[in-house]
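With the hints as constraints, model all of the structure from the sequences given.
2 protein chains.
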Amino acid sequence: MFRKLLTYEEAKILIQETFKPKPLGTGQTALLEAHNRVLAQDAISKLDIPPFNRSTVDGYAVKAQDTFGADENQPVKLQVCGMVSIGELPKVTVSKGEAAEIVTGAPIPEGADAVVMVEDTEREDDELNVYGSVTLNENVQKKGSDIKKGEIILRSGTILGSRETGVLAALGMAKITTYLVPTIAVLSTGGEVTEPGKELLPGKIYDINAYSLSAAVWESGGKPVYVGVVPDEKVELQKALEKALVSADIVMTSGGVSVGPKDIIPAMVDSLGEPGVFISGIAIKPGKPATVALIGQKPVFSFPGHPTSALMIFHLLAKPVIQVMAGKQPMEMSSIKAVADRRMFSAKGRRTFVTVKLVLDETKGIVAEPVETGASGAITTLAKADGFVEILENQQFIDADEEVRVYLFKEKENF
Amino acid sequence: MFRKLLTYEEAKILIQETFKPKPLGTGQTALLEAHNRVLAQDAISKLDIPPFNRSTVDGYAVKAQDTFGADENQPVKLQVCGMVSIGELPKVTVSKGEAAEIVTGAPIPEGADAVVMVEDTEREDDELNVYGSVTLNENVQKKGSDIKKGEIILRSGTILGSRETGVLAALGMAKITTYLVPTIAVLSTGGEVTEPGKELLPGKIYDINAYSLSAAVWESGGKPVYVGVVPDEKVELQKALEKALVSADIVMTSGGVSVGPKDIIPAMVDSLGEPGVFISGIAIKPGKPATVALIGQKPVFSFPGHPTSALMIFHLLAKPVIQVMAGKQPMEMSSIKAVADRRMFSAKGRRTFVTVKLVLDETKGIVAEPVETGASGAITTLAKADGFVEILENQQFIDADEEVRVYLFKEKENF
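These protein sequences, in sequence, are chains L and Y.
This note's numbering applies: residue 1 is where the first sequence begins, and numbers increase by one.
This note's numbering applies: residue 1 is where the second sequence begins, and numbers increase by one.
A portion of the hints provided could be inaccurate.
Remember, identical chains collapse to one label, so a pair may be satisfied in a single copy or spanning two.
What the hints assert, rightly or not - Simulated pairs of lysine to any residue, SDA-like, Cα-Cα distance not exceeding 20 Å:
{"hint": "1", "residue 1": "Lys-328", "residue 2": "Glu-219"}
{"hint": "2", "residue 1": "Lys-239", "residue 2": "Gly-276"}
{"hint": "3", "residue 1": "Lys-357", "residue 2": "Val-92"}
{"hint": "4", "residue 1": "Lys-243", "residue 2": "Met-268"}
{"hint": "5", "residue 1": "Lys-175", "residue 2": "Glu-33"}
{"hint": "6", "residue 1": "Lys-223", "residue 2": "Gly-157"}
{"hint": "7", "residue 1": "Lys-223", "residue 2": "Thr-158"}
{"hint": "8", "residue 1": "Lys-288", "residue 2": "Glu-119"}
{"hint": "9", "residue 1": "Lys-91", "residue 2": "Leu-200"}
{"hint": "10", "residue 1": "Lys-77", "residue 2": "Gly-97"}
{"hint": "11", "residue 1": "Lys-410", "residue 2": "Ser-334"}
{"hint": "12", "residue 1": "Lys-223", "residue 2": "Gly-161"}
{"hint": "13", "residue 1": "Lys-288", "residue 2": "Leu-6"}
{"hint": "14", "residue 1": "Lys-410", "residue 2": "Ile-159"}
{"hint": "15", "residue 1": "Lys-337", "residue 2": "Arg-405"}
{"hint": "16", "residue 1": "Lys-46", "residue 2": "Glu-195"}
{"hint": "17", "residue 1": "Lys-142", "residue 2": "Gln-65"}
In short, the hints are calculated from the structure, not lab data.
As the structure is a computational prediction, the values presented were derived from the model and not from experiment.
So this is what it looks like as structure tokens:
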């Protein structure tokens, strides 16, 4: 366990090098349940689509050559030799001078090589007048013209939305191979915090972080394992952490990482196994006391107790790890350009993240207003904060009216 | 049942007027399960937050006046009268000339009105040297300063993300009132379509729409009820539709709405109950045969069978209805500005939607390339289509290199 204060960039690199995050594994998922899951195998078509030559219109399957020269004044006369039903093999063969009734999507019968639209015909009993010519393959969708057998349709790593789900259905896949969803145990510490729903005794406040971080885990493609509030007491804390390590792929704690007498998390996490804590403090603001450990194969993130800071550090450090373990490309946070409302100062020598609220200004456009992140308004801040602005270590401040990029906690639909 | 071809705008208005969509109702949800749900009641705080005056630092609770004049050379001497533990009522009272040890988050003891940071003190046994003065309430977070009892924190209609979940947790709410999630029965028709996972008999193709539309329902905040493929046979179709109407809040069908001999959906839906079909065809391209009905209190949407068209009409007409029934504001589809790759023509007299793929061009930026939407590449189109461009009825075409707004089927994270 070492206590060197890393820079933000060093911390990010060290996390990658130490965790070497990779997808957890794969499993079978029903396609109907696979919405938003990540495909873990290239989807290769086992069939030609369409699997047969099919008509794209309602009309008559014919030999194209039989219609040559037909026009409105000089119809070609053909003999209706039968009908092709949709969804089954044609029972009819089309010979020279013949036509078979056909509907959209039905297989082209043997002998036919084009379809005349019903609008261009006139039928009396089994006699058909064709008032226009068709060329070879006109109104025919050829077998395999959409997708060929053996073609790769979707790549491993694709996140399944409505279109991708439809494409896999077209290939006949009712089950698919997807990446496993990583589970993240979320626990809060602190002698003053009480779980929501329980009675609030004097001197206590309700826990926020186990809830907000659980929701953030959902948003990142993981599955939270809610542990809740664990007392600031060594034996209970150790038991809870050991259980969390067994029950989940990643463990996240909040609170107890500062230097107060009760801030026992870093030493406690370090004692749980090898290699232990490898980041204990990062030159960032807020979130300086953030602690990161590897216990056996499992990442453990310990965030500060301030709700907005915890959520921000989660986005910056933990989310990319969860995404890779879920089989996704680690994606940059969504961001939006805005104009700084006032001068925002950095903390000397630390990468600074300024929590901001976005406001639409008639003349300036989208404006980023810093929101107070001190202890005095922790929940108000959480409710107001749309995202944050980054100030580099060598930058003293961002000036009023300067253009800034705001990283968003959530997609802002109305900007 | 009438067959007037409405304009797109008329159809949208008539849908609103006929369905008068409103939230389905409300229920209780565990906050831990409420991610992405819609709050159905204003969240009003039942407590002051913090519920007591608390220290924002580790140090000593004092009477501010006792520290006046203290500096590095002339410390004030105070007597340590005890200690305040975190998470419980202080057992100590601070009198003039006294100081009580305190940690961050602990309640300010009676008699004290400020906290001296531990860094500004030096202690020997119970004697404390204070090397700096503090003002009244310095390092104290006052009761109710973050949130006041009775304050409205989140409004009804808020979609719950990680921040909102954290805010509700802070109020102690382990259960909340949310809007019910509308259920949407999704069925496909057509004698040629087979459910994925089943054997594909000669002349058949796999169904796409019941899968892609089910996924689209998830994306819209509804819950799909997968019915699957129903044969093009009157008795079975009627039974399936009647069952769907009982089992879900909305029914969606695809296929069988054109004018072919087997396209029996509109008449069948109309026969299910009053008031029946009120839109039978819309002057749009694609999607002209789209049919909309109200059976009793339940909306029934019937889309054409072409997968990309069905998905597009779903987004344009059905999604806003689902969103309102789910308690959400109907949101415009996400869109992005792009440059038209080539001239795109409209269908005369019809609102035209051109399916496009987005491509990043080094000089032009984001370029919208039309993708073929005919029958010949239905699945390839679905796989490629990022969204669509709208061309108004009175507009002949969009020219090459013109700026266009592309409505996205899914947020495109990498643009």
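Hint-by-hint comparison with the structure:
1. Lys-328 x Glu-219: both (13 Å within a copy, 19 Å between copies)
2. Lys-239 x Gly-276: within (17 Å within a copy, 63 Å between copies)
3. Lys-357 x Val-92: Neither. Shortest intra-copy (70 Å) and inter-copy (41 Å) distances fail the 20 Å Cα cut-off.
4. Lys-243 x Met-268: within (14 Å within a copy, 58 Å between copies)
5. Lys-175 x Glu-33: Within one copy, since 9 Å is at most 20 Å while 26 Å is not.
6. Lys-223 x Gly-157: within (18 Å within a copy, 25 Å between copies)
7. Lys-223 x Thr-158: Classified as within: same-chain Cα gap 19 Å, cross-chain 23 Å, threshold 20 Å.
8. Lys-288 x Glu-119: between (75 Å within a copy, 18 Å between copies)
9. Lys-91 x Leu-200: Answer is between: at 18 Å across copies they meet the 20 Å cutoff, but 78 Å inside does not.
10. Lys-77 x Gly-97: within (8 Å within a copy, 116 Å between copies)
11. Lys-410 x Ser-334: both (8 Å within a copy, 14 Å between copies)
12. Lys-223 x Gly-161: both (19 Å within a copy, 15 Å between copies)
13. Lys-288 x Leu-6: So Lys-288 and Leu-6 pass the 20 Å test inside one copy only (10 Å; across, 62 Å).
14. Lys-410 x Ile-159: both (19 Å within a copy, 11 Å between copies)
15. Lys-337 x Arg-405: The answer is both: 5 Å in one copy and 19 Å across copies each meet 20 Å.
16. Lys-46 x Glu-195: between (52 Å within a copy, 16 Å between copies)
17. Lys-142 x Gln-65: within (18 Å within a copy, 91 Å between copies)
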